[in-house]
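Colleague: Taken in order, these protein sequences are the chains called A and B.
Under the working numbering, the first residue of the first sequence is numbered 1, with each subsequent residue one higher.
Under the working numbering, the first residue of the second sequence is numbered 1001, with each subsequent residue one higher.
FYI, nobody ran anything at the bench for these hints, they're computed from the structure.
Ideal placement from N, C-alpha and C gives every residue a C-beta, glycine not left out.
Hints may contain errors.
As the list claims (entries may be wrong) - Stretch-level coverage of chain B by chain A, calculated; a stretch enters the list once three of its residues show a Cβ under 8 Å from a Cβ in chain A:
#, segment
1, 1013–1026
2, 1037–1043
3, 1147–1155
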Amino acid sequence: MTTDTLVAGELPLGERPDYLREGRTVLSWLTTTDHKRIAILYAITITFFFFLAGAAIALVRLELFTPNGDLFSNDTYNRLFSFHGIVMVWFFLVPSIPTVMGNFLVPLMIGAPDVAFPRLNLMSWYINVIAGVFTIYAVIAGGVDTGWTFYTPYSTMFSNSYVLAAAFGVFTVGFSTIATAVNMITTVHLLRAPGMTWFRLPLFVWSIYATSIVIALATPVLAISLLLVIAERWLGLPIFDPARGGDPILFQHLFWFYSHPAVYIMVLPAMGVVSEIIPCFARRRIFGYQFMVYAIVAIAGLGFFVWGHHMFVSGQSPFASLIFSLLSFIIAVPSAIKVFNWTASLYRGQITFESPMLYALGFVGLFTTGGLSGLFLASIPIDIHVTDTYFVVAHFHYIMVGGSVSAFFAALHFWWPKATGRLYPESWARFAALLMYFGFNLTFFPQFVAGYLGMPRRYATYPPEFQVYNVMSSSGAAILAAAYLLPLGYFTWSLFYGRKAGNNPWDATGLEWSTTSPPPPKNFDHEPRVDHDPYDYHPQGASAGIGSRPVHQHERDLR
Amino acid sequence: MSDTEILQEPWARVSRQREGATFGIWVFLATEALFFGALFLTYAIGRIENPAGFVAAGRETDVFYGTLNTAILLTSSLTMAVASQAAAEGEAALHRLVVWCLGATVLLALAFLVVKGFEYREDVEKHLVPGRDFAIVERGAQIFFALYWIITGVHAIHVSVGIVLISRLWIMAATRRMKVEKNPQIEVAGLYWHFVDIVWIFVYPLIYLPGRATG
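With these hints in hand, go ahead and build the complete structure from the sequences.
Modeller: Listed below in structure tokens is the structure:
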């Protein structure tokens, strides 16, 4: 039904600039308050940081090709993986889907002309850039070697690297994410179009909303823990120094009180993306919409109470470990509900394997693997056995890279036509998606085995019996690098030579598809009204053709 | 002056914009609560692990300056509340009251920082900065004073931000470049200012009262 009204509403529109052509100068981009343009600004910065941190880890994987340290000193090696972790977590993963996709899509999906505080939105991008400059300065000055976790007392008393600049960079970028979160929460509460009730919100909006709440409540604790590190290191104010009555373990509690919820900051938006894409390419309503919503909220809430499972070997009370272990098992329940519901949404669907769908299905598989290995780690005896080994590295990369990064690429491919008005070469995109899935598994699956056999993380050298796993891993990383570079190429190509996408190339539901591609500066020519539930594929009473298959697929099959 | 002067993108109505501004600042204050909450947690752990050190150190703080500042800050909360309520009334006749109260809030906030400055100078003279020539020998006293400097420092930064926000509104209102009636910005600044004051109500007993109750 939406498609019908949209086609009718599209006809009388004459010439009017879309958001990309509204102003053509660089200054018009740097002073914009349009949420879509700010999303593009974010896309550019996080792409930069993604490849920067990717280059650092490429060097690490090169070093690990052989058991001996042939390329770098241990010191350089420590600085490389620390830089990789810090930049990937705070300058790519945390901002990726919320600031790029969330900024671009949330107002469009709820039928709003912009976010609630457009100038704050622009400011948060500038803060992000300033924070990035500090972090890059830390690297140019000589790097930081604490790992992304900044554990005390090493970071406060012993490390001879540029901890201050890096910690200050991360401290600052927190303000940027908090500003975006405040914006998103207020936008969802107060700017929904008439008829867009809470239970008609697309699951992507729900996931960004829940993520924003987690960001707003967790990030300030990270800010304080880094502020205390800065105060101790820079001003000599002891907080974590045991010799003067301080408690270094307290840092771990503060840090993980942020950093475990941060895992959900990184993966909840990815779940939202997948919940949009799977119904579209299965031509089915999402299975159990309300349970999907409750699961999102449950994960966001429970995520605050499991941080202690990072500290099973820190000497914390065994009773605390017991409770944290139990809660960590419990959080697997809503995660499993989501996986089952995605799978059930496919049942009796008319599934097609367009590139966004390939990435999304890849997400489901990799997230499940990562989640199941997470259950191993929630169990105290196994966790003690594999603490600080490559098993942990493999586990969180399955969630972060296999999950979040796959979903980010899924989102890029799904909404690229909406954002740019152009189609990319589909066969290249499918090839890249499959390559990424293959490269990812080749990189990280052997790390489960190596870690279980006892290979510790964060060392430049390792016993020769682990070489076979590391060679597999490093080769996989090379394939993965190619799979990440490919989209950069064909997306750029499509900007200039891609076919015009039309308003709704996937024949998807959702308000963002009812406006033009690219959308006009204020998103909609008329304020949209919503009178049906989300994922209205196969609406009741519609003729047989509508909602069944995307038009362009018909065309392709007829050729 | 009409409502359209206040109305900004992307809002359709001023009432909705006001609701949005208030809602946004409440979410931000939730963030701030966790920010100071983490500091207070650190204080709690430090005090549980070093009870004697915290008592000995608490005695060295200047309770006169602390109490004076509490009075100043709470009075500024009163003037801010009056400004916010007067603006919300939407009566043009209350414009002068709003201007006066905003001005009083700014001056009281500045007075707070001045008193704080005197107190800091005295603390430095009494060797209460953690480090080699720190005055108190009890274990854990350095932790107390590290937290003293960090908590009051972070709070003073919040006060300074408040001064900038409220001064801007004061100048704009006094020169009639901004309409104060039903302007959401005044309520937003007010909510922020009350939060800064509430934090101080927690800071005061934690910093100035340990070691003083039982002599």
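Colleague: So, for every hint listed, does it hold in this structure?
Modeller: Each hint, compared with the structure:
Coverage of the segment 1013–1026 of chain B by chain A holds [criterion: at least 3 residues with CB-CB distance below 8 Å; count 5]. With 5 residues carrying a beta carbon less than 8 Å from a beta carbon of chain A, the segment 1037–1043 of chain B meets the three-residue requirement, and the given coverage holds. Requiring three or more residues with a Cβ within less than 8 Å of a Cβ of chain A, the coverage given for the segment 1147–1155 of chain B holds, as 4 such residues are present.
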